[in-house]
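Q: Note that the protein sequences, when read in sequence, are chains A and B. Residue numbers for the first sequence follow this note's numbering, so the first one is 738 and each next one is one higher. Residue numbers for the second sequence follow this note's numbering, so the first one is 4 and each next one is one higher.
Calculated from the structure, these hints are not laboratory results. As the structure is a computational prediction, the values presented were derived from the model and not from experiment. Among these hints, one or two may not hold up.
Stated by the list, open to error - Below, simulated SDA-like cross-link-like pairs (lysine to any residue); rule was C-alpha separation at most 20 Å, straight line: (1) A:Lys787 to B:Arg69; (2) A:Lys779 to B:Pro88; (3) A:Lys899 to A:Val802; (4) A:Lys899 to A:Leu1000; (5) A:Lys809 to A:Glu768; (6) A:Lys899 to A:Lys771; (7) A:Lys779 to B:Leu126; (8) A:Lys780 to B:Trp119; (9) A:Lys809 to A:Ser774; (10) A:Lys809 to A:Gly786; (11) A:Lys780 to B:Thr66; (12) A:Lys899 to A:Leu942; (13) A:Lys779 to B:Arg69; (14) A:Lys771 to B:Thr66; (15) A:Lys842 to A:Gly972; (16) A:Lys771 to B:Pro139; (17) A:Lys787 to B:Thr66; (18) A:Lys787 to A:Val802; (19) A:Lys780 to B:Met117; (20) A:Lys779 to A:Arg799; (21) A:Lys779 to B:Glu51; (22) A:Lys771 to B:Pro79; (23) A:Lys899 to A:Lys842; (24) A:Lys809 to B:Trp119; (25) A:Lys771 to A:Leu892; (26) A:Lys809 to B:Gly61; (27) A:Lys809 to B:Thr66; (28) A:Lys780 to B:Asp71; (29) A:Lys842 to A:Asp814; (30) A:Lys771 to B:Gly61; (31) A:Lys780 to A:Glu768.
Claimed, not checked - Sample of chain B residues lacking proximity to chain A, with all beta carbon distances greater than 10 Å (derived): (32) Glu28; (33) Gly29; (34) Glu51; (35) Ala53; (36) Val60; (37) Asp89; (38) Gly169; (39) Arg174.
All C-beta atoms in this analysis are idealised placements derived from N, C-alpha and C, irrespective of residue type, glycine included.
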Amino acid sequence: MNRTVPPLGKDLLGLEPLSADQILSVLDTAEPFKEISERRIKKVPVLRGKTIVNLFFEPSTRTRVSFEFAEKRLSADTLNVSSMGSSVVKGETLVDTARNLEAMKIDMVVIRHGASGAARFLAERIPSNVINAGDGWHEHPTQGLLDLLTIRDRLGTIEGLKLCIAGDVLHSRVARSNIYGALRLGAEVAVCGPPTLLPVGVEELGVTVFERIEEAIAWCDVLNVLRLQLERMEGGYVPSLREYNRVWGVSSARLEAAERDILILHPGPMNRGVEIDSDVADGPHSVILNQVTNGIAVRMAVLYLLAGGKPETAEAAKLGGET
Amino acid sequence: MDEPSVRRALARMARELVERNGGTEGLVLMGVHRRGDDLAHLLRAEIERAEGQTIPVGTLDITLYRDDLAVIGPRPIVGDTSLPPDGLDDRTVVLVDDVLFTGRTVRAALNELMDWGRPARILLCVLADRGGRELPVQPDVVGRSIDVLEDQQVEVLVPELDGRLGIDLVRSWPEGA
């Protein structure tokens, strides 16, 4: 009688382990959630009584606010813990922080951490549902999902599309989640950026590498422009921001050369005039703000789906005691 | 119950709704996803035929308002909810569903309607009332009251989803319930 969604399991740590069906079920579930944010009363009682902790060890505005909106619109009680001003600065370990929160009886943790694998580390040690909101250079699955949803909104499907991820792929968890998710749904994926900012052996993931942004633009249907983290310049990865913009920047002149419409995504925050020019960011093919709107719906969908998820083994259910 | 008798029941229900409302003014039909939605459209067609007025129809998906979400494992698919363009404020909102059983769906639907606006009045209209209420909920307009055994299930068939209109009584097996 009740039609159900393929279960996601206890945690969302990345898109790599998910099947195409699971990814599509999150995107499909996000559709009805979009409408809730348009209501006069933007709230449904589905997570009433659930306590969610947003554990942010790295600065974040967009992702944290988006998760918080999603949680509140589903009626969950939320608590934000950021590394600044918390006991983390006093030297507490991640697992101790989590166990202490666990001892306060929480249901879900959304974690952003600078170390790759931090979300998995936590998920294996506490019985609460864990959502990865970005771990180091590893994955940022909800960003990957909202990118896929935004692309599907505009172009109808992911399958068969050509998606290029341009910029600092090396340090980008967004790039990895995009690559895994888009490949799983049958897109062709390429990366493009300065050789210093591409991971060694990135082709092994099944992506094409373009050495020039012009070639990438000539090839792709969708261009996901990554943020150039300004500290990379000091790290010696790029000579200067001006040179980066001149060689790798996405400008309307470069896009016009493609003579067809290319959908432009950017995970934010943007460096206007560095990786992307203002007229492109604000242009008709930019869906950057749609990404932000979709982010809430996707996160609502993930929260809804995980709230029913149980640990896959009885052992995992007993976690929380030992490490 | 075969198609002609369901059609006759729907025609009578449409008349009752208009009579209770004293006309079609301010009347809004909200079908409960999924079969109530089709029934709402059939009722609208009946009202249109009898009164010559087209009344607004919306859809209500109550998944996010269910009271058993905490206990069921796999997540139910969330359907669409859509409101008539002029909303529900100060309208007579008719909640349309296929089968009335425990009353829990109606409870969820009432809560959801209240989040959407402030109707002047809400009427409950169901095609089949099979008894077995677990909450104090009573319908205003009923197609047919059916006495059923505990292990029987009332299935309403609608053209959109099932290819025909009708009410079937089927035995429900424990695992398929």
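Q: Confirm or reject each hint.
A: Hints, one by one, checked against the model:
| no. | hint | verdict |
| --- | --- | --- |
| 1 | A:Lys787 to B:Arg69 | 15 Å, holds |
| 2 | A:Lys779 to B:Pro88 | 17 Å, holds |
| 3 | A:Lys899 to A:Val802 | 31 Å, violated |
| 4 | A:Lys899 to A:Leu1000 | 11 Å, holds |
| 5 | A:Lys809 to A:Glu768 | 18 Å, holds |
| 6 | A:Lys899 to A:Lys771 | 26 Å, violated |
| 7 | A:Lys779 to B:Leu126 | 25 Å, violated |
| 8 | A:Lys780 to B:Trp119 | 10 Å, holds |
| 9 | A:Lys809 to A:Ser774 | 11 Å, holds |
| 10 | A:Lys809 to A:Gly786 | 11 Å, holds |
| 11 | A:Lys780 to B:Thr66 | 13 Å, holds |
| 12 | A:Lys899 to A:Leu942 | 15 Å, holds |
| 13 | A:Lys779 to B:Arg69 | 17 Å, holds |
| 14 | A:Lys771 to B:Thr66 | 15 Å, holds |
| 15 | A:Lys842 to A:Gly972 | 42 Å, violated |
| 16 | A:Lys771 to B:Pro139 | 33 Å, violated |
| 17 | A:Lys787 to B:Thr66 | 17 Å, holds |
| 18 | A:Lys787 to A:Val802 | 18 Å, holds |
| 19 | A:Lys780 to B:Met117 | 12 Å, holds |
| 20 | A:Lys779 to A:Arg799 | 19 Å, holds |
| 21 | A:Lys779 to B:Glu51 | 34 Å, violated |
| 22 | A:Lys771 to B:Pro79 | 17 Å, holds |
| 23 | A:Lys899 to A:Lys842 | 45 Å, violated |
| 24 | A:Lys809 to B:Trp119 | 17 Å, holds |
| 25 | A:Lys771 to A:Leu892 | 18 Å, holds |
| 26 | A:Lys809 to B:Gly61 | 26 Å, violated |
| 27 | A:Lys809 to B:Thr66 | 18 Å, holds |
| 28 | A:Lys780 to B:Asp71 | 18 Å, holds |
| 29 | A:Lys842 to A:Asp814 | 12 Å, holds |
| 30 | A:Lys771 to B:Gly61 | 17 Å, holds |
| 31 | A:Lys780 to A:Glu768 | 16 Å, holds |
| 32 | Glu28 | 24 Å, holds |
| 33 | Gly29 | 19 Å, holds |
| 34 | Glu51 | 27 Å, holds |
| 35 | Ala53 | 33 Å, holds |
| 36 | Val60 | 17 Å, holds |
| 37 | Asp89 | 13 Å, holds |
| 38 | Gly169 | 18 Å, holds |
| 39 | Arg174 | 14 Å, holds |
When held up to the earlier numbered hints, the structure conflicts with 3, 6, 7, 15, 16, 21, 23, 26 and fits the remainder.
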